[in-house]
Structure formats: C-alpha cells, structure tokens
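Colleague: Read top to bottom, the protein sequences are chains P and Z.
Residue numbers for the first sequence follow my numbering, so the first one is -5 and each next one is one higher.
Residue numbers for the second sequence follow my numbering, so the first one is 8 and each next one is one higher.
Incorrect hints may have been included.
Said to hold, decoys possible - The calculated label-pair distances, taken between Cβ atoms and stated as ranges, are: (1) Ala122/Z / Gly13/P: 24 to 32 Å; (2) Gly78/Z / Leu40/P: 27 to 35 Å; (3) Ile90/Z / Ala104/P: 25 to 33 Å; (4) Ile90/Z / Leu40/P: 20 to 28 Å.
Said to hold, decoys possible - Which residues of chain P face chain Z? A few of them, derived with a C-beta cut under 10 Å, are: (5) Gly6; (6) Asn27; (7) Ile31; (8) Ala39; (9) Ala47; (10) His50; (11) Leu62; (12) Phe70; (13) His72; (14) Val79.
As the list claims (entries may be wrong) - Derived list of chain Z stretches under chain P, where covered just means 3 residues or more per stretch with a C-beta under 8 Å from a C-beta of chain P: (15) 48 to 55; (16) 96 to 106.
I should point out that these hints are in silico values taken from the structure, not numbers from a laboratory.
Idealized CB from N, CA, C, for every residue including glycine.
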Amino acid sequence: MGNGTSIGRVRGLGSSHHGTHHFLSSRLTAVGNLVLIPFLMVSLALMPAHDYATVHAWAAKPLPATALILIMINTFQHARLGVQVMLEDYIHEEGGKIAAWLLVNILPLAGAAFGIVSVVRIALGGA
Amino acid sequence: MAQARGPRPLSPHLEIWRWGPAMLVSILHRMTGNGLAFAGLGLLLWWISALAGGPASYQTFLDWVWLAPDGGFQTVTALLGKIVLVGLTWAFFQHMASGIRHFVLDIGAGYELEANARWSSLTILFSVAATSVFWAFVLLH
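Extracted from the complex, chain Z is given alone in its bound form:
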C-alpha cells in the first residue's frame, strides 16, 4: 500500500452527513412541510367543517382539541391538541423562513459558506421567536 491518506470525501447521504445548519434546515423544511400538509390541513378541515356544522359541532371541536370540559380521555386529546397547535405554529414559521431563504437561493445568492450557515441558523432563531411571540400574544391579550 502507498502511504496513508486523509479521510476521503463522503457522499451525501442522510446517515453520513456531518451535521451543519444548512442540512438541518433542509431536513426541517421537509419535515415541517409534510407536517403542515397532513396534520395542518387535516386540522384546518376539521376546524372549518365543525364551524360549518353549527354550534354543537364547533363545541365538540373545541372540547376535544382545547377545552376538555368532560375530563377523562378528553384531557389527553386536549393536551395533544395544544402541543399540535403550538407545533404547527412553529412548523409554519420554520417552513416560511426556510422558504424565503429558498427564494434568495433561487436567484443565486447566499451560497457562500459563512452566509449560508448564518441564514440557515437565523431561520431557526426566527421560527422559535415568532412562535413564542404569537402564543404570548394569543394567551395574554
């Protein structure tokens, strides 16, 4: 054998990527997008159809997703409802910030390593901050 070489470059695959802001945000974009598509749109349809169904069906929606007046199993679903709603809010803000980053990348800007890592990290900072501000406003006002 010839002399030992340094580590060879790795091919881009999910299990052997070195973690970094850009790949984390890329994975988050897909996860949040699909979460919003299935859980988000599912909940949107439940909400709007419950509202269309009249006061009783809307109350059922509120009871199971948030209020849990009957206790029991509803306590569990209402806790899940709150987690899912806050989670969807964060997913939306993360997907939105990451999507705006994609618009910038689409015009060919922001590929310098340092700028790319910085804007990737900022999308996460933004989504956490925006989710906190949104729910603080909803719960306190």
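With the rest of the complex left out, here is chain P:
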C-alpha cells in the first residue's frame, strides 16, 4: 500500500472480488452436507451394533466409502469457509491475520487428506 497518490492509499484495502465465490461455495457445500450428513447419521443409527466388524464392513462398501470420502471433502471445505468468516470478524491485528490465514488454508486440507487416506485404507483393505 502506497501513501502518495489517492489510488495508492486505497489499493489493497477493497474487495478482492472473491466474495461471490465464497458465498456460493458456502451454499453449495451446505446442500452437499444436507445430503451427506443425514446419510451418515441414519446409517450409524440403523446399524445393529457398533463394534469394529460391523462398522468396518459397512464403511468398506462402495457407497458408504464414497459418501465418507465426499464427507471429508465437503465438510472440511464448508467448515473452512465458515471459520474464515468467524476469524475475519474477530481478528484485527496483522500477525493474527497471518496466523489465521495459515490455519484456515492448511489445516482443513490436511484434515481432509488424512480422512480420505483412512477411508481408502478401510475400503481397499489395509490393517
């Protein structure tokens, strides 16, 4: 940000033109969660038992495994967008903003990747 010309004083302070995408992505992933999370909850509720054998056999089937992988992608993206809005509202000093930017861009991706690897291991028969 410059401090000479009037355009230099305001550069970098305005809209970055990513707001619409953020808004729509938040809604899109909300619709995804509206399907995926009830599927997970109903599946878990209908299971006769919740021991390792029953749950593992369920999660290894193609449809549940696909749903679980989609859940890892969709929930982490939705959570990332929502947490970003919360952090933007409450963190105002520069150092905090950089820490928040790192948190919100790295952790959700790492979490989703770890979740997907776990589902793939279940579905393709590791352990």
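Dock chain Z against the given chain P, drawing on the hints supplied.
Modeller: Below, chain Z without anything else, positioned relative to chain P:
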C-alpha cells in the same frame, strides 16, 4: 437542554442487543458451526482413523469415548464423550435448520418481523426435538 427524549436507538453490538429469537439463532448458528468444525471434524477424524487402524485402535476409541471398561479416568472421558456426541447431534440439527432458514432468507423471503421471529424459534424447537428422536432411536432400537 431541550425536553427529554425517548431512548435512542442502539447500535448493533453483542453486549447491547435486546435479546430476540433472530439474534439468538444467529449467534447459535456461529457457535454450532464452529463447534462442528473443530470438535465435530476432530472426532470424525479420530473415529475414521481408529477404524482404519484395525480392531485394537477402534476398541481404544470406543473405550475412551463411550464404554470406559477400565474405570478411572476413562469414566470421565466417556461421560464427556457422551455429552459431546449428544451436543454435536444437537449442534448439527440446529446448524442445519438455521442453514435452511438462511436459504429462505437468501431468496429474499421471511424478513417480516413476526415470520422472522417465528421461524427463528422453530429452528430451536426442531433441533431439540430431532436430537431427542435421534438418540431415543439409537438407544432404544
């Protein structure tokens, strides 16, 4: 001074809002959303990675979150586990109902004061009812 005036309008800030259904649901939406993001997704990853790790690691997950076969400290964590799981279920239903309300608001409907307050209250009624039905089904069937 001129004659005394009525109370001036308050600016919208967390500590001086008059409580009402719409602002309560707005705050709940943020709280439940962030609760689900951190506690919910954290627990989801613990669960799925324990399941991927094999029977022993899955049993460890069950013991610490729900069963507490060894007593002691596990009794505390298993009690916490049950509270967190029921809490997350409620948070999900509240966030979902509130989110569906946001879809309606997004198309420009539901801003009339009475309708807005009614649908705000109904999201809370729904989340409590749905959580009760879900856990009654899980525990009784």
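Colleague: Determine for every hint whether it applies to the structure shown.
Modeller: Taking the hints in turn, this is what the structure says about them:
A C-beta distance of roughly 28 Å is found between Ala122/Z and Gly13/P, which places it inside the suggested range of 24 to 32 Å. Between Gly78/Z and Leu40/P the C-beta distance comes to about 31 Å, which sits within the given range of 27 to 35 Å. Our hint of 25 to 33 Å for Ile90/Z and Ala104/P holds, since their Cβ atoms are close to 27 Å apart. At about 24 Å, the CB distance of Ile90/Z to Leu40/P agrees with the hint of 20 to 28 Å.
Residue-level restraint check for Gly6/P is violated (minimum Cβ-Cβ distance to chain Z is 28 Å; threshold 10 Å). Among the interface hints, the one on Asn27/P holds; its C-beta lies about 8 Å from the nearest C-beta in chain Z, closer than the 10 Å criterion. Hint status for Ile31/P relative to chain Z: holds, with the closest Cβ pair at about 6 Å, below 10 Å. Evaluation of the Ala39/P hint against chain Z yields a held restraint, the C-beta minimum of about 5 Å falling below 10 Å.
For Ala47/P, the shortest C-beta to C-beta distance to chain Z is roughly 8 Å, which falls under 10 Å, so the interface hint holds. Interface hint at His50/P: satisfied, since its Cβ lies 6 Å from the closest Cβ of chain Z, which is below the 10 Å cut-off. A least Cβ separation of about 7 Å between Leu62/P and chain Z falls short of the 10 Å threshold, and the interface hint therefore holds. The beta carbon of Phe70/P comes within 7 Å of a beta carbon in chain Z, closer than 10 Å, and the hint placing it at the interface holds.
Interface hint status for His72/P: upheld, as the beta-carbon distance to the closest one in chain Z is roughly 8 Å, under 10 Å. For Val79/P, the interface hint holds, since its Cβ comes within 10 Å of a Cβ in chain Z; the closest pair sits about 8 Å apart. Here the segment 48 to 55 of chain Z counts 4 residues with a CB under 8 Å from a CB of chain P, which clears the bar of 3, and the coverage holds. Given a C-beta distance limit of less than 8 Å, the hint that chain P covers the segment 96 to 106 of chain Z holds, as 4 residues qualify and 3 suffice.
The structure fails to meet hint 5 from the earlier list, while all remaining hints are met.
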